[in-house]
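The hints should help you fit chain B onto chain A, whose structure is shown.
Take a look at the letters that make up each chain.
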Amino acid sequence: MVKIGCRNLGKFFRIGRDTFEAVRDLNFEVNEGELVSVVGKTGCGKSTLLGILLGLQKPTNGVVTIDRREPYNDFDYFRGKLSAVFQTDRLLPWRTTLENAKYGLEILKVHKKEQLQKARYWLDKLGLLGFEGAYPHELSGGMRQRVGIARAFSVDPEILLCDEAFGHLDEVTANRLRADFLNLVRETKKTALFITHDIEEAMELGDRVLVLGKPAHLLMDIRLTKGLKDSPSGLKDLKGRIIQAIESDEPAVETRA
Amino acid sequence: MGLLLLSWQIASLFLPEYMVPGIQLIAAEFVKMAQEGTLFWDTLLTLYRILQGVIGGFVAGALLGILMGTARRTEDYVMPAVNFIMGIPALSWTLIVILWFKGTEARIFALMLAVSFPVFAHSILDAIKGISTELMEMTLAFRPTKSQVLRMLIVPSIIPHVLTAWKVTIGFAVRVVIVAELVGASTGVGYRMLQQQSLLNMSGVLAWTLVLVATGLAMQSLISTTENRLLKWRPGKS
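Protein sequence lines correspond, in order, to chains A and B.
Here the numbering used here is used: the first residue of the first sequence is 4, the next is one more, and so on.
Here the numbering used here is used: the first residue of the second sequence is 4, the next is one more, and so on.
Extracted from the complex, chain A is given alone in its bound form:
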């Protein structure tokens, strides 16, 4: 079943007298339960896509639907259905770890006991028990991002949207967190969209990789089979083709490996 649909999407920004094109005629679909990576150069409009999916920005052309509804126009329908993990942790500095983790649950007016129970459950899953009372500035960057992930999962959303969620962290921390995160996404069978500029990360996280040109339009739509994911040479070859596609910025033939 199609969960996310993006048809002829275009987005322009007006900056002073100039118009800036962030998204150009973008088309793709994501089925329920799919893990899809979206990869492209920095500044290619990936984050704009996230803003549109979250319903925070209005498309200039075309349409984005989730459950056949438009996130911008049908804003309140998506209450509790979407969660996002951002590039920076976006924690509220005046809230402790526990209070940050239950922020979404408070907004959804979940029963108080359940708020605490769910927040603790996800903090535990992310290895943060014992830090419930710490303020964000007392935590390391990796831990803060874990709190952000706990906050995203705690509302049990239908769709998880991630925007360069590991880009700010050192490689060792990022690798561990990425693996933990992927396990949680698979365990909870969420539909997830990972936006990243890191091709290897895109291939690791997604079962499918959408390669975007600049302004954001579809260059490649690749399904990663289990066989391919386990084959280092196959991945290396694919990475080469993705780089080539982005560099030449020409639509390549859809590949099924």
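Bear in mind the hints are in silico, worked out from the structure with no lab data behind them.
Mixed in with the good hints there might be a few duds.
[To be verified] In the DSS-like style, the derived pairs of lysine-lysine whose C-alpha atoms are separated by at most 30 angstroms in a straight line are: (1) B/LYS170 <-> B/LYS235; (2) A/LYS115 <-> B/LYS149; (3) A/LYS116 <-> A/LYS193; (4) A/LYS128 <-> B/LYS35; (5) A/LYS192 <-> A/LYS128; (6) A/LYS229 <-> A/LYS239; (7) A/LYS116 <-> B/LYS235; (8) B/LYS149 <-> A/LYS116; (9) A/LYS84 <-> B/LYS149; (10) A/LYS61 <-> B/LYS132; (11) B/LYS132 <-> A/LYS112; (12) A/LYS242 <-> A/LYS193; (13) A/LYS84 <-> B/LYS132; (14) A/LYS6 <-> A/LYS229; (15) B/LYS149 <-> A/LYS6; (16) A/LYS84 <-> A/LYS116; (17) B/LYS235 <-> A/LYS115; (18) B/LYS149 <-> A/LYS193; (19) A/LYS6 <-> A/LYS217; (20) B/LYS149 <-> A/LYS61; (21) A/LYS232 <-> A/LYS193; (22) B/LYS149 <-> A/LYS112; (23) A/LYS229 <-> A/LYS84; (24) B/LYS149 <-> B/LYS235; (25) A/LYS112 <-> B/LYS235; (26) A/LYS112 <-> A/LYS192; (27) A/LYS115 <-> A/LYS128; (28) A/LYS217 <-> A/LYS239.
Small disclaimer: the values here were computed from a predicted structure and weren't measured.
Using the frame of chain A, we list chain B on its own:
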């Protein structure tokens, strides 16, 4: 501080009493004021006038600030008026409220309101503008109601700025209320000071001045305590 007191006391030996009265005379004045009951009641009254006016100014300023910060375009219409009112000197206000209102309390309340609300309106508007768009987006992704956004994001974000505005305004309000009491009241610390001055009683003027300084400091420290409690999440505070 000790050195200051000592030099004052030495000076009092050489200079006439109406210029530099000795510390024992000022102390005796305090005893007299306490016995008369003016020390307690007039101080309390002045304190009440300050707080009532500043709280009124805070409520009005906060409403305007939130309105300007959240409803599009209102800033263009409201801010020029706020700035105009802010440009009127406190002394002019003192004269204006005497002509406009009847009764000491109404006049002083109007005065305090007029001089304090623009400060709050400005600082709260700036604070709202300074709210992180990143945190706003994160919050909106969960689809909160408007009142939730206000309660869970806007208010906590602006608290540090509000407290700073309180500190500034309280200091200012102490000075303004004294002028108002000097000009148009028959009670309060300002009036008592005027009384002592007309009797050429320097010890009395100084004693009431000390009361004012102490009142101002007490309110500042109350705000600082509140600040430390509310902002314990800030780095470097514990």
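Checked hints:
{"no.": "1", "hint": "B/LYS170 <-> B/LYS235", "in the structure": "holds (18 angstroms)"}
{"no.": "2", "hint": "A/LYS115 <-> B/LYS149", "in the structure": "holds (20 angstroms)"}
{"no.": "3", "hint": "A/LYS116 <-> A/LYS193", "in the structure": "holds (25 angstroms)"}
{"no.": "4", "hint": "A/LYS128 <-> B/LYS35", "in the structure": "violated (70 angstroms)"}
{"no.": "5", "hint": "A/LYS192 <-> A/LYS128", "in the structure": "holds (16 angstroms)"}
{"no.": "6", "hint": "A/LYS229 <-> A/LYS239", "in the structure": "holds (15 angstroms)"}
{"no.": "7", "hint": "A/LYS116 <-> B/LYS235", "in the structure": "holds (25 angstroms)"}
{"no.": "8", "hint": "B/LYS149 <-> A/LYS116", "in the structure": "holds (24 angstroms)"}
{"no.": "9", "hint": "A/LYS84 <-> B/LYS149", "in the structure": "holds (18 angstroms)"}
{"no.": "10", "hint": "A/LYS61 <-> B/LYS132", "in the structure": "holds (22 angstroms)"}
{"no.": "11", "hint": "B/LYS132 <-> A/LYS112", "in the structure": "holds (27 angstroms)"}
{"no.": "12", "hint": "A/LYS242 <-> A/LYS193", "in the structure": "holds (26 angstroms)"}
{"no.": "13", "hint": "A/LYS84 <-> B/LYS132", "in the structure": "holds (29 angstroms)"}
{"no.": "14", "hint": "A/LYS6 <-> A/LYS229", "in the structure": "holds (22 angstroms)"}
{"no.": "15", "hint": "B/LYS149 <-> A/LYS6", "in the structure": "holds (28 angstroms)"}
{"no.": "16", "hint": "A/LYS84 <-> A/LYS116", "in the structure": "holds (21 angstroms)"}
{"no.": "17", "hint": "B/LYS235 <-> A/LYS115", "in the structure": "holds (24 angstroms)"}
{"no.": "18", "hint": "B/LYS149 <-> A/LYS193", "in the structure": "holds (29 angstroms)"}
{"no.": "19", "hint": "A/LYS6 <-> A/LYS217", "in the structure": "holds (25 angstroms)"}
{"no.": "20", "hint": "B/LYS149 <-> A/LYS61", "in the structure": "holds (20 angstroms)"}
{"no.": "21", "hint": "A/LYS232 <-> A/LYS193", "in the structure": "holds (20 angstroms)"}
{"no.": "22", "hint": "B/LYS149 <-> A/LYS112", "in the structure": "holds (14 angstroms)"}
{"no.": "23", "hint": "A/LYS229 <-> A/LYS84", "in the structure": "holds (29 angstroms)"}
{"no.": "24", "hint": "B/LYS149 <-> B/LYS235", "in the structure": "holds (27 angstroms)"}
{"no.": "25", "hint": "A/LYS112 <-> B/LYS235", "in the structure": "holds (26 angstroms)"}
{"no.": "26", "hint": "A/LYS112 <-> A/LYS192", "in the structure": "holds (24 angstroms)"}
{"no.": "27", "hint": "A/LYS115 <-> A/LYS128", "in the structure": "holds (20 angstroms)"}
{"no.": "28", "hint": "A/LYS217 <-> A/LYS239", "in the structure": "holds (23 angstroms)"}
Going through the hint list in order, the structure does not satisfy hint 4, though it satisfies all others.
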